[in-house]
Amino acid sequence: MYSRKNQRDLTRTEKKRLVDAILELKRTGRYDEFVTQHRQYYVTDAQSGPRPAHMTPSFFPWHRRYLLEFEKALQAVDSRVSIPYWDWTRDSTASASLWAEGFLGGNGRPGDRQVMTGPFAYRQGNWRIRAGVTDDPFLRRNFGRPSAPVTLPVAADVKRALSDPVYDAAPWNSLSTTGFRNRIEGWGIRGGRGVANHNRVHRWIGGSMAGAASPDDPVFWLHHAFIDLLWARWQKAHPRSRYLPARALPAEDPQRGRIFTLDQPMPPWDVAPSQLMDHTRYYRYV
Amino acid sequence: MNPTTGTPREPAGAPRPARRAVLRTVFTAAVIAGTGAALAPVLLEGHGAAGRAQERDAVGPERFSELYRGREIKGTATAVVAAGAQADAGEAGAVTAAPGIDVRVDGRALHVMRRADGSYLSAVNHYESFPTLLETARAAVDELGTAQLSASSPHTI
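Top to bottom, those sequences are chains A and B.
Residues in the first sequence are numbered consecutively from 1418, following the working numbering.
Residues in the second sequence are numbered consecutively from 1312, following the working numbering.
Mixed in with the good hints, there may be bad ones.
Far from chain B by the CB rule (all over 10 Å, computed), these chain A residues [what the hints assert, rightly or not]:
no.: 1; residue: Ala-1490
no.: 2; residue: Asp-1495
no.: 3; residue: Asp-1508
no.: 4; residue: Ala-1573
no.: 5; residue: Asp-1574
no.: 6; residue: Leu-1579
no.: 7; residue: Trp-1604
no.: 8; residue: Arg-1617
no.: 9; residue: Arg-1620
What follows is a list of derived Cβ distance ranges for each label pair [stated by the list, open to error]:
no.: 10; chain 1: B; residue 1: Asp-1417; chain 2: A; residue 2: Arg-1547; range: 17 to 27 Å
no.: 11; chain 1: A; residue 1: Asp-1680; chain 2: B; residue 2: Ala-1462; range: 41 to 51 Å
no.: 12; chain 1: A; residue 1: Arg-1673; chain 2: B; residue 2: Gly-1418; range: 38 to 48 Å
no.: 13; chain 1: B; residue 1: Asp-1417; chain 2: A; residue 2: Pro-1685; range: 31 to 41 Å
I should point out that these hints are in silico values taken from the structure, not numbers from a laboratory.
As the structure is a computational prediction, the values presented were derived from the model and not from experiment.
Beta carbons are placed, not taken as given, at the ideal position from N, Cα and C, and that holds for glycine.
So that you can see chain B by itself, here it is in the shape it has in the complex (with noise of 0.2 Å):
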């Protein structure tokens, strides 16, 4: 499984092993195109004692595009950003999406986070992590039915 390209055909299964190489890489934004998104290309290593473990389970980039139960899935991640290497935004440090990630659902944006192995949690399965965006969004078909994301990301506002 080449972690750098997307890949909606395969079951997406067993944690990826991502290697120090792929954390080194810089990775382009220009598969973007289409999102009407700003992403920058972030490269961060992982920091302090936590690092290697982080690196150990940090996920490569990804894109995807795929029909999902009816419903139309892309994700892309133009940046390998080590967990816990995050940087925050505002007071709370919360809803805070995870930099250099785009999923959307039917053109609908849908809000990542990470947790510290690296691993993807959603607005709509906030209870749980996926080790791919594309897991990710796909779980969060399954728990929408017919709904429709909100319009308005809440990390937007």
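Bound conformation, chain A alone (with noise of 0.2 Å):
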């Protein structure tokens, strides 16, 4: 059992664990790895296969496992580091800590939305992008996007997601219009409503976190690091709720095969949302 902190109380000596762990992982390869992996999952409800990881009731398990692969590299790295939160209602312009230079660095330039500050800045020499969406081999961010502004989502957001007391509903996907999952996923429904809370922090960020290779700004871990303690705070506030779907599909349902209920293990783990219900076997937040 470890503590996972808001990153807006680490001292600057966790601080500088944390990336150096981060650093180390890109060295060796293995940071890359795992954003090859949230590529490889990210499959739509447009398409017939499996999707564990977006557009899906597993939205939360699928992605409170990824991170525990990702905090135990950290953790061979060094054992006293684990994945702080960034909770983006409370600090949620460009000045603050988190994007300070000894941290995760800034805003990206105007123009090519080059990263220049921080340790991630390519300059300084160890943050280098593979097979990212662009030619670039430089991290990107484009705060806001001023081209078509957007803001990050508020308290307000976050509190009529966590007090839908029911987990998710059909048809299971990027178009369920209740449920907790949707609500917090935050895929735009025409007609209804805006890209919303996960989603429209990406694009608040923008650059590499807007696209299909997110996990190449470590920022990444902090924002789903928060997801996933959104998750335990509706489930505190919801106890008689439960992950929905709680059985098999029937035969007939489009979803059957394509989305995980409870037991039905999730790639590539092999790991059933049912095992992931309940984080404080791991870690707890504080």
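The task is to assemble the complex, starting from two chains supplied on their own in separate frames and drawing on the hints.
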């Protein structure tokens, strides 16, 4: 059992340890394997294959396990490290300490969106993007996307999602209009609602985080730790609510074989959502 | 708005109502000359219980070519594939481009996928979707800034 802290509460030493562990995974090539894996499991709901990670009820448990794997890799480098979370409803500006020189570095510059500050700036020599969406070897950020402005979600957005007592709802994809899962995953629904919460944060950071290789930006892990914390908060707020679908779908359901019900093992780990319901087996949020 | 022709000068706005007639029409691949891609026309109907919703939200064929913020964007959708009826390739089923779709920014392929409502998302904008390929391409340019798309498209790896 270890703790995951709010990133704003980390000491300078804790930040340095985390950054150093991330850079070490990058150096060995392990980091890029995580990036590739996320890309590989990005299956959309227009495709007929299984979708464990996005547009799907198992969005939360899949990413919980994915973060656990990354955290385990970090801890193999430095056992004192864990993934902190970024509460973007609170630290919501470009001047937040998260983006400081001594932590994740700041916004990208105009034009090519290249991040110029902090340990992940290309010119530091330790963060080369391979197989990204663009030809550029550098990390890109584009806070707030000035060309078509987007704002970070606010506390009220999160509160609204947390107040939904139902975990997820048919059609169990990006078009689910009710349910905690898609309210947080945040797919925009035509004529209904705009891009929200999780998706909106990816979009606000922009650059690498907006695209298919989003874990190229280390803030990915801090963002998803907060998403994971929101899931835990929802569970606590609705103790009688359960992961849905709880049982295997009937043969005629178009989502059968495409989504993962409570006890269906998810690739690549062969672990079912039911095995990931209780995070306190591994860590606690402080 | 005619969904069978390019509409580069029209503001890409509200989702277009797709008609059953559109789904039933076969379009040839002749329009894609110049891209070098060999795209076969595909015609699939929505299947099962989800068929009706997919039809309603399906987007018709589209073709455009324009200069947007100094970048040349081109796109063709030669196929009408009901979302959800799309076949997968590969084990994980991922990094599969939507069939019959070719979008380019300065000649480089933009990887495009679809959502169940027929809207599109690209490798550049992976967390939002757009009703038309034109909007998808423009949004990609907005996000790219001066960057060029990768020459080695991930879905060919």
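Against chain B, does Ala-1573/A hold up as non-interface, every C-beta pair farther apart than 10 Å? holds (21 Å)
Asp-1417/B versus Arg-1547/A beta-carbon gap, inside 17 to 27 Å or not: Holds - the Cβ-Cβ distance for Asp-1417/B and Arg-1547/A, about 22 Å, lies within 17 to 27 Å.
Would the least Cβ to Cβ distance between Arg-1620/A and chain B come out above 10 Å? violated (6 Å)
Given the hint of 41 to 51 Å, check if Asp-1680/A and Ala-1462/B actually sit that far apart at their C-beta atoms. The hint (41 to 51 Å, Cβ to Cβ) holds, given that Asp-1680/A and Ala-1462/B are roughly 44 Å apart.
Taking the shortest Cβ-to-Cβ distance between Trp-1604/A and chain B, state whether it exceeds 10 Å. Trp-1604/A is in fact no farther than 10 Å from some Cβ atom of chain B, at 8 Å.
Exclusion check [Ala-1490/A not at the chain B interface, CB over 10 Å]: Answer for Ala-1490/A: holds, closest chain B Cβ roughly 21 Å.
Beyond 10 Å from every chain B Cβ: check whether that's true for Leu-1579/A. holds (20 Å)
Taking 31 to 41 Å as the stated bounds, is the beta-carbon spacing between Asp-1417/B and Pro-1685/A within them? The hint (31 to 41 Å, Cβ to Cβ) holds, given that Asp-1417/B and Pro-1685/A are roughly 35 Å apart.
Arg-1617/A: least C-beta distance to chain B exceeds 10 Å? Check fails; 8 Å does not lie beyond 10 Å.
Given as non-interface: Asp-1574/A, partner chain B, CB spacing beyond 10 Å: holds (15 Å)
Asp-1508/A clear of chain B by more than 10 Å, beta carbon to beta carbon? Its Cβ never comes within 10 Å of chain B, the nearest being 20 Å, so this holds.
Okay, Arg-1673/A versus Gly-1418/B on CB: inside 38 to 48 Å? holds (41 Å)
Going through the hint list in order, the structure does not satisfy hints 7, 8 and 9.
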